[in-house]
Structures are given as structure tokens and as C-alpha cells.
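Visitor: Take a look at the letters that make up each chain.
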Amino acid sequence: MITALILIPLAAALCVALAPSGWEKRLGGLALAGSLAALAWSGILWIGFDAASAAPQFVEARSWIPAVGGEYILQMDGISLLLVLLTGLVVPFSLAAALRSGWQDRISLAMILVLQSLLYGCFTAGNFLLWFLFWELTLIPAYLLIKLRGGPEETTAAMRFMVMTLVGGVAMLAAFLGLYAAAGTFDFLRLAELGRSGELTAAVGATLSTNWLSPETAAALVFGGVLLGLAVKVPMWPLHIWLPDAYEKAPTAVSMLLTGILSKMGIYGFLRILVPVFPDQLERFLTPLLWLAVATIVLAALAALAQRDLKRMVAYSSISHLGYCLLGLFAAAGTVTAASGHSAALSGVLLQTFNHGITAAALFCFVGFLENRSGGVRTIDAFGGLRSAAPVFCGLMGVALFASLGLPGLNGFVGEFLIFKGVFSLAPAAASVAVLGLLGAALLAMKVMLRVFHGPLPPESKPFPDLTAGEKLTVLPAVALMVLIGIFPQPVLTVFNAAVVQLAGYFGS
Amino acid sequence: MNYLEFLILVLPEAVLTMTALIVIGLGAKSGRGGANPFSSGFLTAIGAAGIVAAGLVLALLPAEASLGGMLVLDPLTRLFKWVILAMSLLTLALVPGWAPPAHRGEYLGLILFATVGLSLVISSEDLLMIFLALELASLSLYILAGYNCDDSYSAEAAMKYFLFGSISAAFLLFGMSLVYGYTGSTHLAEIGAALADLPTEPIFALGVVMMLAGLGFKVVAVPFHLWAPDAYQGAPAPSAALIASGSKVAGFFILAKILLLSFADWDGSADWGGFATGWVPFLALLAALSMVFGNLSALAQTSVRRLLAYSAVAHGGYILLGLLSGGTVGIAAVLFYITLYGMTAIGAFGVVALVEQRRGGDSVAHFAGLAKEAPFTAGCFLVFLISLAGIPPLAGFFGKFFLFTSALGGSAAGDPSGLVWLVSLGLGMNVLSLYYYLRVLKQVFARPPAESTGHATGTPPLLGCMLATTAGAIIFLGCFPNLLLKPIEAALRVVG
Amino acid sequence: MIAWTFILAFAGAAALLVLPKARESASRWIALAAGGGGLLIAIQHCLLYSKNTDTFQSVTNWEWIPALGIRFHIGADGISLVMLLLTGLIAVTGVLFSWNVVKNPRLFFALFLTIIGACHGVFLSLDVFLLFFFYELVIVPKFFLILLWGSTNREYGAMKLTLYSVAASALIFLGLMAAHVASGTGSFGLFELAAADYTRGFQLWAFPVLFLGFAVLAGIWPLHTWAPTGHVAAPTAASMLLAGVVMKLGSYGALRVAMPLFPEGLAAWSGVIAVLAGAGVIFGALAAFAQRDLKFVIGYSSIAHMGFVLLGLATLNHIGLSGAVMQMFSHGLIAGLLFAVVGRMIYERTRTRDLDELGGFRLRHALPAATGVFIVATAASIGLPGFSGFVAELSILIGAWRAFPFYVLLGGIGIVLTAAFSLRALNRAFLAEEEQTDRPPLPPLTRPEVIGAGILVTATVLAGIQPQPLLELIGRGLDGPLFEAVLQIREVRP
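The listed protein sequences derive, respectively, from chains A, B and C. Just so you know, the first sequence maps onto residues 1 to 509 in the numbering used here. Just so you know, the second sequence maps onto residues 510 to 1005 in the numbering used here. Just so you know, the third sequence maps onto residues 1006 to 1499 in the numbering used here.
Take the hints with a grain of salt, since some may be wrong.
[To be verified] Straight-line C-alpha distance at most 20 angstroms; calculated SDA-like pairs for lysine to any residue: (1) A:Lys25 - A:Gly43; (2) B:Lys995 - C:Glu1160; (3) C:Lys1026 - B:Lys669; (4) B:Lys881 - C:Gly1074; (5) C:Lys1026 - B:Gly937; (6) C:Lys1165 - B:Ala955; (7) B:Lys951 - B:Leu1001; (8) B:Lys995 - C:Asn1109; (9) C:Lys1108 - B:His612; (10) B:Lys951 - B:Leu941; (11) A:Lys421 - A:Ala306; (12) B:Lys669 - B:Gly701; (13) B:Lys995 - C:Glu1197; (14) B:Lys951 - B:Lys995; (15) B:Lys951 - C:Gly1074; (16) B:Lys538 - B:His612; (17) B:Lys951 - B:Ser812; (18) B:Lys881 - B:Ala977; (19) C:Lys1056 - A:Pro66; (20) C:Lys1165 - B:Arg956; (21) A:Lys447 - A:Asp381; (22) A:Lys447 - A:Ala306; (23) A:Lys472 - A:Pro408; (24) C:Lys1165 - B:Gly937; (25) A:Lys447 - A:Thr379; (26) C:Lys1108 - B:Lys669; (27) B:Lys881 - C:Leu1022; (28) B:Lys669 - B:Ser812; (29) C:Lys1108 - B:Glu882; (30) A:Lys25 - A:Trp41; (31) B:Lys881 - B:Gly937; (32) B:Lys881 - C:Asn1109.
[To be verified] Across the chosen pairs, the derived CB separations fall in these ranges: (33) A:Thr468 - C:Pro1445: 27 to 33 angstroms; (34) A:Leu18 - C:Ala1027: 55 to 61 angstroms; (35) A:Ala40 - C:Thr1058: 48 to 54 angstroms; (36) A:Arg387 - C:Gln1471: 37 to 43 angstroms; (37) B:Cys974 - C:Gln1471: 45 to 51 angstroms.
[As the list claims (entries may be wrong)] Taking beta-carbon pairs under 8 angstroms as the criterion, some of the chain B residues facing chain C (in silico): (38) Leu769; (39) Thr837; (40) Ala841.
To be clear, the hints were calculated from the coordinates, so they are not data collected in a lab. Source: prediction; values computed, not measured. Using N, Cα and C, we set each Cβ at its ideal position, and we do this for glycine too.
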């Protein structure tokens, strides 16, 4: 079942890459169809999914590389399903945006499909080695997409992205190898059991400590390695420095993918690995971690306000929003017991993950439309008074902006509300400071609306046509989702509720 | 003992002598009338036939015989007489092309006389006889070296060779007389037996050292090597080939025999930090000096002949290592190595001769582009030099392996002997040697020919046969060393 | 009989030497047949390798030189088979990438096949003399391959490489002789020597001598400088072969001979080996970072990768050792691929290997296929999962965690540095977007190049996605009696 999910986009990628040479016009449609087919398949999986159970479902387990503990395990719980669905939504969205900006290059289109396939693998793998395979392999298409489509001025952004992510990846790998050396397994469920019972810490201490490396330090090192790998990906302040450049230099469709799903890989990693496997260490380093999350939220929001380039602005605001996820995660991992705080925060995190994927991708898409019309110019000063010229564009982008700042009635609100509800009961101080981030987000949205939608027309502005039918078709599903989830979040919440309850149960007692 | 027995024992040498006389006679005849009735090829063929006949006769002689120790025939001497004959035969292949043009008959005769001398050296077990035989061989070789009297280099070669040779002969003789005076016998085995009951005294030690010094001259060990570079450079090619091969084989053979039969009980030790008086430390010193000076000097040579001379010095050092271990394993290694070294040297001199003839010199630069003009010769040259450097699948590799292993093994099994320092030195120097061999080969294969002077290309047939034989033997013995090793071992076992 | 691997290669070499000049164009087919035959035999033996009988299978044991107790004793265990497979792959692809050799192809392929045969021989030998025989056999052909067909600074490169090899061989020579003598068995058989008792004092000096001798060929820091110079100077097929297989002879010898013979010496020196290996990883990568010549980048990357092999050897545990063997296999393929792309696909078309000059060719448009292959090779070289290098480095690092955790950090830094310099080379040489200059279009890839690259890419991806069969073979080899003492070293240590 899940294997098929991984193979569908891969097959589509192969078709695109090997399509006969007269098909240039049809390649985009082919790619989009492949991507949507995968979405449809994940819809089928959703239907077959038993939301009441927290246990992994659709399990496929085969022997793979027993010599180093590698098993081919694919499985799906609520969290996985949520991200699989998100992937299914964002990839076609970004493909559509890519087609709107006129991509015909078969390699790039195939890369996007390969990326989709790898993401499915990453969100469903149940064994570290398999998971890491997908995790690291995403770097190749991502890097090539930034590098190849980034244009001549792209010099170091892709490189910095790749190297920093790899540093994180290697640190995580090294840490996991230590875990394997100690525990002898790469299975996530098994590791989580060992982690909960505290055996893991003991085993790591016993196996890896030497006379100059105390057991606690060894365990902390392993934890730190994993944390580094995940935090770079999300990214958490101060490991975010690769992000603004990469998002800015990447073409629209790729920025959408980067922010929409690749950053979610990090969040997923936190939920799947760090929180279940390292409860002891999380608790030990809880305070600094919480404050790092707060710093991510607040500093990124402030940085976004200071930007002139719209794309960088969206990039920083994206970091800030992911900071909420981190805040919720870390807060939920503390042992301070506060009724339903844990599950509220975790639910909020997951919902925020999903929402942010759609909203941020949509925002990049809108910026891309602006850019297409202005001939590559993205500074905020170059635009003004678009509301009269392009009312549909402004209306839809307005929805996305409001969703991003968390206006009630739109999707962003529910997630952030749940996070703050949970975090206030668990870590009130951090939550209070983090509220500054909300303020920043609101200011940013206002600034964009005031300067771009209203305001005076810049002196030598080009005519600004409104959205075409194709463009409307591209963004309407996303905007519709923002509204729908804002009003009826329940279907989404149901998907992961059981998993969250189980996860929260690890800490709640 | 009667004359018949004597005649039977020296029958091979007699055949050689007869052949020599015939060749000289025929050569002289051709010189007297203005016309030239016998070509040098024909004379050489007669000489070769004589050598082959001597070899066949040798095969028919009884398995073991002894003439009061003066002349001995046993499997080992028979084998090495064959080796000596083979060396001479191979050398003859160079005569038609590269011997001095005047008096070919006499030249051939001298080669055969030298062969007789060397063959007698192999078969004698008596100090007196050894000395006589060595001198017979040496005198012939002195003349051979200086045969080209028009050439000042040749004359210089002969003069140096002769002077150093005479002095060394004096040393040898004096040493022999001291040993005789001390032990009361000239027979090798009896000397050994007498030594068992006698305390060693300085006068005896002096005798041994002087003998070794005299023989060190024959085997070109430092510091008795000074004649070699000049002799190798100046002598006509066949003479140089014989000096480098036959003379060296006989020298090492007799050195090994003397040490094994006479002085086995007075060996001492050259172990690191464990020196004990005897001939071993003396030889170890010679070996170390030879390896170091030979290789270092060879590095600086531009003349390939001189390079071969210094490499001969270095190889003398390696071979001495085999003697140091004192056991029959070491002797077997030594005998194996000198045999193939002799063949290699003859082959290498053949190539040098060809290059000299065509390019007018033997400096490294003259070898440039040889591979283009005479690919077969160049290929054989590669085999010779690489074998000298000790790289498989060539015989030189196994030879060195055997030598060094025996030296390291010492007489006792168990821990490696204290000769590790000497073996390490040898190995290090061997690495160095590859550099100068490769320097020559680089010219041969990678550089274009200096200028095309329209001279002949390809390999002359006779030389080609000789090169093919030697190179083939080197490759074959490298892959299947047992073919030579087994007879040597069997013979050594019979001798005891 | 598994000896056919090298018999075929040597027979091919001999046939090439006697091939008439008029038939010169047939030489590459002969070479391909000989190399391909070896590959098929290797595959066949891999498939037929039985799990239930002795570790060493297809054994031939004949008397060779009884005077010294030397036997013609060959046989293959899992480790040998994996290395044979690598040799076969490199042999076939090396010929394919030399399809266009015009200067005396007969001699070229004869030398090439000689090296191939000798490598097969080393991997199969169970008598240390035989092993050393084959080991030394490589030296002269590689000298001439570089000297006669090489490029940059070839005379210097050839000479340096050869002298380093011979100097290293001298150490091996000494170590083997010492082992032979000290064992008192009068034999050169690997098993006999490994079973003998050596005093601790003896092992303490004999082990480093023997190990260092082998390790020099494996590019151990700081005696590695011959490798980049030599590999850069060599023609493509020779670079592939030298970096791909011949360097492995060193690490194989260290694993097969030096370590089982002297476990006590190994125990005492393993820390030092680890230090040198770690330094190799780091300094190799740093040096690669500083290069302008693309081939030098690859040359130094080999040092870093071989540093991982040595690190794996130093761990002395099962998983680390199997990682080391896996890394040998993996690096063989990757180095082969990289050298093929740079030496054959790029250099022979552009006549330059300078990173910035290459940037001017806009290779990603001019030679998209070569760029694609290079990207795959780079990804594999970085050790991304899904490629053969990943499992290898993973196993090595797991082993390192158990033996000396600090080196995991070094290894991690090494991987990151590798990624950095690989990407730098990729960006500057292939993906640069310079102004269009009016250069003539480069000829597209030929069919042999495409097939060769296809074989290597397939092999590295297959071994990356499904390494289990290889790991099983290697594991079976390490379970053999030879490695018992080696694997016990760390376990008995408190």
C-alpha cells in the first residue's frame, strides 16, 4: 500500500524524464497527473485508515540490511497520514505554480516528482536507516532544483543549504550509529520503548562512555547530534542562516516545496524521534530549548519586518511560524503536569504544521505571481495600489495573509490557539514572550496589505493584470482549504488525535 | 690415481682446450693469407660446438669422482660446470657482432681458456688448485678486457683489472699460505677438520681475512671493487659479459665452498649488538658496504655500462647476505641467484652492445627511443633490468626473496637472526636501485629517439636468440624457480 | 576453478602482445573479453558461494617451490569474492572507457590486463609469498601505463608512485620473511603463519612493518602523497584501476595478512592506526578542498575515503571490519566513476581540468549526460544513503562508536568536508552559469562511455539499496578462523 504510494510519483518521474522528445508541451500535465494520482492514492489510504487507533497501520515489514540493522518498514499512524496528505496537497500545488511560470524542463519536473516520492518515504519509514535514506536523498533534488533553476545569480545559497543540512544529517547519523552500537536496533518503535523505560540512556552510557566521556555526556552527545540534524532542517534559531538565501534564490515552486513540506520533515522528525526516544534528555535541556524556540519565533518575526524583499519577508515569517511548532513540542515534552496541556499543545503543533504547509506555500505562490508580472522585481516598494488593478489577486492573497497571522475563522487560528493554550499551562513564561511573535506577524501582514494592496502607485509601474483562469485554478484549492479548515478543523484533528493522545500520554502522567 | 682417471676427470676441459687450439689455429690461418677463409661466424660456431661437446662429455662422466681432492666431480660441481659452460655459450653469441675485429680466432680461444679456468675453479677443493685455476681464468680475462688495443678505454680497463687482480692474487696466496701454515693442509675439508681441534689465533684470522679479501676482488665486493666500473666500461662487450657473469659465478661458488667446507666452525656472528669474531662479521661488513656504495654510486652514473658495474657491486652485496647465514639454504640461495644474475648480466651487455653499435655510446641518453627501433630488444632489456630490481614475475624477485629469507632465517629456526639490520639495509637499497633502472627504462620507452640517422632497426637474429634465451629463462625461472632450485638442493644434499 | 580469473587476464595480455599490428583494433575486444570473463567468473562464484561449508571455497593447493615451503594455494572467501567483483567491474568499465586509445592499444591493454590479473591473484592468494608475488607484479605495468599514456607531469608521477610502492613492498617483504622465519613452520601458508605463536616483542615490531607496508598502498596519511600525483598523471583506465582496485590491494593485504598474523602487535598499534586514519580523512578532504585541478580533487578524495577504510580496520570489531571491506568495494566503484567522468568524458573533450576553465564550458548544457553521471558519483562519494558508500561509512562509524567514540566526530567532519569539496567541484566545473563563450560544441558521449558509466552507476546504486548480499559475503569471510584472534582483541579488553 505505502510502497505503491512511494512508487506512483517515482513512476511518473520516470515517464517525464524518458518521455519522447515531442512531448515538451505535455510534460507539465503528465507530471501534475502523476502527482495528483499520488494524492488520490493517499486519499484512499485515508479512507482505509482507522482513526481511532494509535497503532501504526498499513505496516509493511521486510528484511533489508540485517547486517547493520536496516529493515524495510513502512507504516502509517495519524501523524504520518497528516504529512502524507500535506505532501499530496503541496506538491501538485507547487507543480501547478511551476507550470504557470512556464517550466518545461523535464529534469526539473522529474525532480519534483522524485522529491514527492522521497517525502512519502520519509513520512512513513519505521526504521531509522530507511528513514534516513529518504531524508538525505531529498537533498539531491532539492539542491539541484535550487541550483539548476536558481539562475545565474545563485552562487552559494544552494551550497550553504546543502552543506548545513548535511552537517546536521551527519551529526544525526553519527548519533544514531551510537544508539545502534548501544541498543542494537534502528526500529523507531523499539527505540521509543527503550527510551521511555530509560534503558536507552543506560545502554548508551554503558556502551559509549570511556574514561573521559561520562555516561551522561555520552547520552547528551547522542541527543545533541539528533537535535542538530532536526533543528537545521526546521530550522531553529540560530541554525536558520541557510534558509532566507535558499528560499529567496530558489524559484517559486521550489520555495513552496521547501517551506511547505521540507521544513515539515524536521517537525516530523522531532515528533517521531526526538520526543519519543529521548524523554530524559529533553527534560534535562528543556529550558534552553524552550527559549531557543521563543527566540526563533520572535527574532524571525522581527527580521521579517525588516525585509524589503517580499520573498525574504515570507521566508522569515515562515521561520517564525515554525517556531510555534517547536515551542509546542518542547513545552509538551516537559513533565510539568497540567491537565490536557500536553495533548492540546501537540494537537496545535500538528495542526499548525499542516496549516503552515498550505499557507506558506500559498504565500510564496502569490509572491511568485507578483514576480512574474513585475519581471523579477520583488521589493515591497515596487508595488502599490494593486487592489484596484487586481482585486481577485488581492482578495485571495489577503486571505492567505490573514490565515498566516492567525485570524479566527481561518486555519492558522486554530493551530496557534491550541499551541498557546497548551503552552500557557506548561511554560507560561515562554508563552508570554512568544506572543510578541504573533504581534510581529500581524504587523507584517498589515504592512504588506497597506503597501502592496493600497498605497500609491509607484511612478514607473507596469500594468498589473489580474489573475488568469489558470492561476485562479492554482490557488483556489489552497485558499479554500484555509477557509474550510478554519471553520471545520475537526476532520484534520481526527486524523492524528489518537496518535497525539498516545504521545501526550508519555508525558502527561 | 692414474692418468686415465685424471684424463677422464678433465675430459670436458680437455675438449675445451682442444677447441680453443683449433679455433686459434684456424683464426691464425685466415690472418696469414690476405684472403679471409673463415668468417668469424664460422669460428664462433666451432667454439660453440666445442662448448656443447664439453657439456655433453660432462654428462657422460661418472656421478662422483675425486682426484685426491685436487679435482672433484659431484652433482654440484657438475651442475655449476654446466652453468659456466652456458654462460660462455651465451657470451659467444656476442662475439661475431661485437668482439674486436682483429684476431678473432685468438679472442675466441681466450674465451675458451677462460672457461677452462673457471670450470676448474668449480671443481677444485684444494687451495693450490683453486689458486691456479683462478689465475688461469684471470689471465685470460685480463687479455680479453684489453683486447681492443686501439681503444684507450679498453687498455685502461685491462690495466686496472690486471693491477688490482694481481694484488688480490697476492693477498689470496698469502692468506692461503697462512691458513696452510696454521692447519697444515691445503685440502678444504681437511682444513675444516683441523680447525675443529685448534684454537683460533690472530695469525689464522689474518689468513682468513686475506683470503676473503682476495676472493672479494673476484666477486666485486666493496672495497675491492674499484676495477669493476672501468673494466665494465672499457672492455669489449663479450669480455665484459664474461667478466660480469662467468667470473662472478665461479668466484661466488668457490667462496661459498671454502666457507662451507673449511671455515664452517669459525663463523662468528654479525648480529646487531652481538658481534663475535669470525668471517661472518667481515663478510657482513663487505655486504653492507657493497650494497650501500654500489647502489648510491649507480644512482649517479650516466654510462649504462658503469651503471651495470655498480649494480653488479650492489648485487654482490645481496649475494653475500646469503652466505652469511652459513647453512645450506643460504648456499642454495646464493647459487640460484648468481646463476640467474650471470644470465641477466650477459643479456644486459648484449643490449648495451647493440645500442653502442648503433648510437655510438652507452650513456643513458643513447638509449632514448630504443623501444621504437628495436621493440624486442627493448622488451628483453626491460626483463633484465626489472629482474635485477627484483620484481616479479622475474627470477630476480624470487632470487632476492630467497637470499633475504635465508639471511634472516640464520641457521636456527625460531626468532629471526640478528641480521635484520642487514636485510633491512638490503631492502632499502633495493628500492633505491629501482630508481636508476627505471631511469634507463624511461629513456628506452618514453623518450623519442634522439635523431634518425638511418641506421638499422630491429634486432639482429643471433643477438635476438641470445636475448630470447636469457629473457625467457629469467621469466620462466621467475614463475617456476623450482626447476633450478631443485637440482641445486638435490646436489647440495648429496654433497652434504 | 576460480584461478581462471587471472589466467584469463594473463592469457589476454599474452594474446595482445603477439597480436599482429594490422589487427590492432581487435585489441580492445580481447581486453573486454578477458575482463568480462573475469567478471562473470566472479559473479558466478558469488552466487554459488555456499553458506554451509568452509569459509574458503574453490580452493586449489599445489606445490610450487617446496624448498621454501611455498605453495600455489588459492581460494576465495566472501571478502575475496567482493574484491574480485570489484576488480571485474573496473576491468570491464576500464576497457570501455579506453575504447578510443589509439597509441599502441595492444601494449596498453596488455599492461592493463596484467594489473587486473595480478589484482585477482592478490585477492585469491592464501600463501603469502604468492600474494606478495602478485602484489609486486602490479608495479611495473602501472609505471608504464602512466609513463607512456599519462598526462600531467607523468614522468614524475610515475616515478613517485612506483618508488613509493616498491619502498612499501620492501617493508612487506621484510615483515613476511620475518614472520616466516619466526613462525618456525617452514611455510608461507597464510593459515600456518596465522596459527603460529610469535613472541610479543617480535609482534611489536613486525606488525607495524608489515601493516605500514600494506597501508602505504592504501594511501595512509602521511605517506599518501604518491597517490594524487600518480592518479592524476595516469590515463583514465589506469586512474580507475589504480584508485579503484590497486589501492585496495593495500588495505586488503593489511586485513588479510598483517592483522591475522600479529594480533598482539595489532592490539598495541591499533590506536596509532586510528589516529593516522582519522588524519587521512581530515587532511585528505582539506587538501581536496584546495585543489584547482578537478582530477586532483578526486585524487585527494581517495585519500579521505581510504582513511575510512583504515579507520574501519582499526576498530577491530566485526561491523567495523565489514564496513571497511564494503568501503573498499564502494570506493572502488565511485573512484572509478569519478575518474572516468573527469579523465575520459571531460578532459578528452575539453583538454582542461581546471575548475574555473571548465566552468566556461557550461558543461551542464554541453554534456548533460556527463554532468548527470558526475552528480550521481558526487552523491555517492559524499556517502548519501542509497549509494554504496553509505552503508560502508555507516558500518565503520558504528564500529568506531564501539571502539573509540571520538573518531566518530572525525569521521563526521570528514563526511561533511567531503561533501563541501565535492559540491565545490560540482558547482564550479559543471553547474557554473558563465557567459556563453563561443566554444565549439563538445562531441556527445560515445556508446562505450554510456555503457561503462551505466554499469558503474548501476553497481553503486544496487550496492547502496541492497547491500545485504555483499555484507553477508563479507560477514561470512570475517567469521572465518583467520579473524578469530583479531576480533577477540577488543572483546577481552576491559
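Visitor: Compare the structure with each hint and give your call.
Guide: Evaluated hints:
no., hint, verdict
1, A:Lys25 - A:Gly43, "violated, 29 angstroms"
2, B:Lys995 - C:Glu1160, "violated, 41 angstroms"
3, C:Lys1026 - B:Lys669, "violated, 49 angstroms"
4, B:Lys881 - C:Gly1074, "violated, 42 angstroms"
5, C:Lys1026 - B:Gly937, "violated, 41 angstroms"
6, C:Lys1165 - B:Ala955, "holds, 16 angstroms"
7, B:Lys951 - B:Leu1001, "violated, 41 angstroms"
8, B:Lys995 - C:Asn1109, "violated, 40 angstroms"
9, C:Lys1108 - B:His612, "violated, 47 angstroms"
10, B:Lys951 - B:Leu941, "holds, 16 angstroms"
11, A:Lys421 - A:Ala306, "violated, 29 angstroms"
12, B:Lys669 - B:Gly701, "violated, 35 angstroms"
13, B:Lys995 - C:Glu1197, "violated, 23 angstroms"
14, B:Lys951 - B:Lys995, "violated, 36 angstroms"
15, B:Lys951 - C:Gly1074, "violated, 37 angstroms"
16, B:Lys538 - B:His612, "holds, 10 angstroms"
17, B:Lys951 - B:Ser812, "holds, 15 angstroms"
18, B:Lys881 - B:Ala977, "holds, 18 angstroms"
19, C:Lys1056 - A:Pro66, "holds, 16 angstroms"
20, C:Lys1165 - B:Arg956, "holds, 18 angstroms"
21, A:Lys447 - A:Asp381, "holds, 11 angstroms"
22, A:Lys447 - A:Ala306, "holds, 11 angstroms"
23, A:Lys472 - A:Pro408, "violated, 24 angstroms"
24, C:Lys1165 - B:Gly937, "holds, 16 angstroms"
25, A:Lys447 - A:Thr379, "holds, 13 angstroms"
26, C:Lys1108 - B:Lys669, "violated, 48 angstroms"
27, B:Lys881 - C:Leu1022, "holds, 15 angstroms"
28, B:Lys669 - B:Ser812, "holds, 18 angstroms"
29, C:Lys1108 - B:Glu882, "holds, 16 angstroms"
30, A:Lys25 - A:Trp41, "violated, 26 angstroms"
31, B:Lys881 - B:Gly937, "violated, 33 angstroms"
32, B:Lys881 - C:Asn1109, "holds, 11 angstroms"
33, A:Thr468 - C:Pro1445: 27 to 33 angstroms, "violated, 43 angstroms"
34, A:Leu18 - C:Ala1027: 55 to 61 angstroms, "violated, 43 angstroms"
35, A:Ala40 - C:Thr1058: 48 to 54 angstroms, "holds, 53 angstroms"
36, A:Arg387 - C:Gln1471: 37 to 43 angstroms, "violated, 58 angstroms"
37, B:Cys974 - C:Gln1471: 45 to 51 angstroms, "violated, 58 angstroms"
38, Leu769, "violated, 17 angstroms"
39, Thr837, "violated, 10 angstroms"
40, Ala841, "holds, 7 angstroms"
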